[in-house]
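Chains as they are written, first to last, in numbering that gives the first Met the number 0: chain A, 0 to 132; chain B, 0 to 100; chain C, 0 to 109.
Check each hint, because a few of them may be wrong.
[As the list claims (entries may be wrong)] Across the chosen pairs, the derived CB separations fall in these ranges:
#1 Arg67(B) <-> Thr29(A): 46 to 56 Å
#2 Val128(A) <-> Glu72(B): 34 to 44 Å
#3 Asp68(A) <-> Pro46(B): 43 to 53 Å
#4 Ile108(A) <-> Glu72(B): 46 to 56 Å
#5 Gln118(A) <-> Gln16(B): 10 to 20 Å
Rather than coming from a laboratory, the hints here were simulated on the basis of the structure.
Glycine residues also receive a C-beta, built at the ideal position from the N, C-alpha and C atoms.
Now for the letters of each chain:
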Amino acid sequence: MSDEDMMDDEAGGGVVKKFLYVNRKAPYGTIYALESLEVVLIGAAFDQDVSLAFIDDGVYQLTKGQQTDGIGMKNFSPTYRALEMYDVEKLYVDQDSLTARGLNAEDLIVPVEVLNTTQMAELMETQDVVFSF
Amino acid sequence: MLLHTVNKSPFERHSLQSCLRFAQAGSSILLLEDGIYAAIQGTQFQPLLQEALNDKKVYALLPDLQARGLPSEKIIEGITLVDYGDFVDLVASHSATQAWL
Amino acid sequence: MSIEINGQTIETDEEGYLTNLGDWNEDIAKVLAEQDELELTSNHWEVINFLREYYDEYQIAPAVRVLTKAIGKKLGPDKGNSKYLYDLFPYGPAKQACRFAGLPKPTGCV
Numbered sequence: 000m001s002d003e004d005m006m007d008d009e010a011g012g013g014v015v016k017k018f019l020y021v022n023r024k025a026p027y028g029t030i031y032a033l034e035s036l037e038v039v040l041i042g043a044a045f046d047q048d049v050s051l052a053f054i055d056d057g058v059y060q061l062t063k064g065q066q067t068d069g070i071g072m073k074n075f076s077p078t079y080r081a082l083e084m085y086d087v088e089k090l091y092v093d094q095d096s097l098t099a100r101g102l103n104a105e106d107l108i109v110p111v112e113v114l115n116t117t118q119m120a121e122l123m124e125t126q127d128v129v130f131s132f
Numbered sequence: 000m001l002l003h004t005v006n007k008s009p010f011e012r013h014s015l016q017s018c019l020r021f022a023q024a025g026s027s028i029l030l031l032e033d034g035i036y037a038a039i040q041g042t043q044f045q046p047l048l049q050e051a052l053n054d055k056k057v058y059a060l061l062p063d064l065q066a067r068g069l070p071s072e073k074i075i076e077g078i079t080l081v082d083y084g085d086f087v088d089l090v091a092s093h094s095a096t097q098a099w100l
Numbered sequence: 000m001s002i003e004i005n006g007q008t009i010e011t012d013e014e015g016y017l018t019n020l021g022d023w024n025e026d027i028a029k030v031l032a033e034q035d036e037l038e039l040t041s042n043h044w045e046v047i048n049f050l051r052e053y054y055d056e057y058q059i060a061p062a063v064r065v066l067t068k069a070i071g072k073k074l075g076p077d078k079g080n081s082k083y084l085y086d087l088f089p090y091g092p093a094k095q096a097c098r099f100a101g102l103p104k105p106t107g108c109v
């Protein structure tokens, strides 16, 4: 996408759909988490109604204090704090996944909304498109 | 309603349990690839699947079953066997697909 | 690919973005700008430095609309608009300025 195309995105009009990105993998052991984040950032240019869900090991993507120098990989956790500037503001985290891992919302690098199972299930059912990672 | 797909063995990953926790009544679950091991009678997951069958449709992809040498008689009662064409129909007839990888 | 600066060889990708962020210095920005027939003024440097700080904070090169908005917030509406930024960086404020700043190409640009 050229810079100009990206500037025109608002003029595109069209139907706004509800997109949910479901993240269920820890950040560095596989490429899923980084790929998901990149798709979210690219997709943000299309002005859709975007939500991110973090379930199972996906909650580990958001933990504070990540230091990746020693493994020679980029620490992409600060990028979650940039999502707001991309108008991606709806971040939902599964309560049971946090609890099972001894975590709570204060351990996460960004403000999130913590949902119980029923709320998360309802969130999923209201989407037009679900991207799973 | 959503179509949920599970393609990992329940013995290796938590995907099936997570799927069953979030799948709502009236939604559908398709077991495929290594996910089909959950469809077999007599495993520790049979009670979970039977509970799911109370208010959800559960499907298993036959070619994946055959590839793994699992006879269709060993499938838990109530699970529907489907082929690739049915898979496409399932995707098309649901509002969206959630893949539990 | 690579560029020669003060007798040093700096590695770049095929589009001229530095391979290693750590290789960057101001002379590199000047040489890259000269190649694009631009002379860097304090207004250019303001954007380049902003981008480097942004990257340091978020580990990402911002898309152009995000950059424009963020510049507007920090430096005021006179500078946070596409005309101002395109006048400074005719090949695109995100793409070209990121290259001068030693950052990767913004995610979402091809």
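Taking the hints in turn, this is what the structure says about them:
1. The hinted window of 46 to 56 Å between Arg67(B) and Thr29(A) is violated, with their beta carbons roughly 24 Å apart.
2. A hinted range of 34 to 44 Å holds for the C-beta pair Val128(A) and Glu72(B), which are about 38 Å apart.
3. For the pair Asp68(A) and Pro46(B), the supplied restraint of 43 to 53 Å holds, since their beta-carbon distance comes to about 47 Å.
4. Taken as a hint, the range 46 to 56 Å holds for the pair Ile108(A) and Glu72(B), whose Cβ atoms sit roughly 51 Å apart.
5. Taken as a hint, the range 10 to 20 Å holds for the pair Gln118(A) and Gln16(B), whose Cβ atoms sit roughly 18 Å apart.
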